[in-house]
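Participant: If you're matching them up, the sequences are chains A and L in order. Just add 307 to wherever you are in the first sequence, counting from 1, and you've got the numbering used here. Just add 5 to wherever you are in the second sequence, counting from 1, and you've got the numbering used here.
Just so you know, the hints here were simulated from the structure itself, not pulled from any lab data. Because the structure is a prediction, the values reported are computed rather than measured. One or more of the hints may lead you astray.
[Claimed, not checked] No farther apart than 20 Å at their CA atoms in a straight line, the calculated lysine to aspartate or glutamate pairs in the EDC-like style are these:
1) K386/A / E154/L
2) K74/L / E55/L
3) K74/L / D93/L
4) K386/A / E162/L
5) K380/A / E162/L
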Amino acid sequence: MKLIFFVLNKEEFLNEVLESFVELGISGATVIDSVGMGRILAHDIPIFAGFRNLLQESRPGNKTIFSVVDDEKIPLMVKTLEQIMGDLDEPGNGIFISIPVDFAKGVHQF
Amino acid sequence: MQLTDLLNEDHILIPLKCKTRDECIRTLIESIHKEGLIDDIEKAYLAILEREKLMTTGVGNGIAIPHCKHNSCPNFAVAFGIHPKGVDFEAIDKKKVHLIFLLVGPENNPSLHIKLLSRISRLMSNEELREQLLECKSPREALELLKEEEGYYFELE
Numbered sequence: 308m309k310l311i312f313f314v315l316n317k318e319e320f321l322n323e324v325l326e327s328f329v330e331l332g333i334s335g336a337t338v339i340d341s342v343g344m345g346r347i348l349a350h351d352i353p354i355f356a357g358f359r360n361l362l363q364e365s366r367p368g369n370k371t372i373f374s375v376v377d378d379e380k381i382p383l384m385v386k387t388l389e390q391i392m393g394d395l396d397e398p399g400n401g402i403f404i405s406i407p408v409d410f411a412k413g414v415h416q417f
Numbered sequence: 006m007q008l009t010d011l012l013n014e015d016h017i018l019i020p021l022k023c024k025t026r027d028e029c030i031r032t033l034i035e036s037i038h039k040e041g042l043i044d045d046i047e048k049a050y051l052a053i054l055e056r057e058k059l060m061t062t063g064v065g066n067g068i069a070i071p072h073c074k075h076n077s078c079p080n081f082a083v084a085f086g087i088h089p090k091g092v093d094f095e096a097i098d099k100k101k102v103h104l105i106f107l108l109v110g111p112e113n114n115p116s117l118h119i120k121l122l123s124r125i126s127r128l129m130s131n132e133e134l135r136e137q138l139l140e141c142k143s144p145r146e147a148l149e150l151l152k153e154e155e156g157y158y159f160e161l162e
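Excised from the complex, chain A in its bound form (with noise of 0.2 Å):
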C-alpha cells in the first residue's frame, strides 16, 4: 500500500480528479484547502514582494488530496491525472507524492 498526496493547483479540476479516484475503484480520500509556499512568500512576507514574477504561485490556493491506495494502482493514477491537467512536470499543474506505508487500518472499499 502507498500513501499518496497529491496537490492539485488547479481547484477546478477536483470534481474531475474525485471521479477518477472512483473510477479507479479508490473508495476514500481527504482534501484539504492548502496554500503554497510561493503564495505566502510573494504575497505575505514584504522582502519577497518583489519577486511575484518569479515565484510561480499565483493562484490563492490549492488542494492537497490524500489517500491510501494498492501499490498497484499508483501508474494509472499519475496517466490519467496527467490526462486530466497535462504533464505534471510542467510548473502549475500539481505535485504527486507516493511514500510506502507500513500500517492502516479503517481503510475501506465501497
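With chain A's structure known, arrange chain L on it following the hints.
Facilitator: Below, chain L alone, put in the same frame as chain A:
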C-alpha cells in the same frame, strides 16, 4: 470494461422529442427494455423517478444522468438521448438539458455503478465532446464519438 461497452445504437435516441423529463426517462428506459435487459420496466422507471426526488440528476451544462440501482435491473445498461430543443430537468444550473445518459443496474454492485456514473460525468466534462455530440445526426455517429473519446480512458474493473 468501458462504459461504451454497455451502449449500442439501439440505445441511442436522436432526436429525443419528449416534452417532459419523465417522458424522456420513459423513452430511454424503453429502449433498454426492448432488449430484455430489465425485468420490470415499471419498477425501474419508478426507481429512477424516486432517485430524481432525492436530488436532480441534471448536473449542469445541459447534461442529465438519471439512474437507479434496483433489483428489477439485473444487468447494467445505458441509454443515451440527445434532445435538441432541451428539456427541463430542474438542473442545478437551471439550464435545459440536451444530453441525457440513463444508467440502470443491480443493487448488489454499487462499486461498478458509481464507477460508471463517474465515467459518464467525466466524459461529459469535455466541452468539445458535448458540442460534437449535439451535432450528431445518427446513433452510429454518436456512438463512434463516445467510443473514440473513451478510448483515452482506462478500463473499469
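Participant: Now look at each hint and say whether the structure bears it out.
Facilitator: Okay, the hints, checked on the actual structure:
At most 20 Å may separate the alpha-carbon atoms for a hinted pair to count; K386/A and E154/L meet this at roughly 16 Å. With a C-alpha separation of about 11 Å, the suggested pairing of K74/L with E55/L holds against the 20 Å cut-off. Note on K74/L and D93/L: the hinted pairing is violated, with a Cα-Cα distance of about 23 Å set against a maximum of 20 Å. The straight-line distance between the Cα atoms of K386/A and E162/L is roughly 17 Å, inside the 20 Å bound, and the hint therefore holds.
Between K380/A and E162/L the alpha-carbon distance is near 12 Å, which keeps this suggested pair within the 20 Å criterion.
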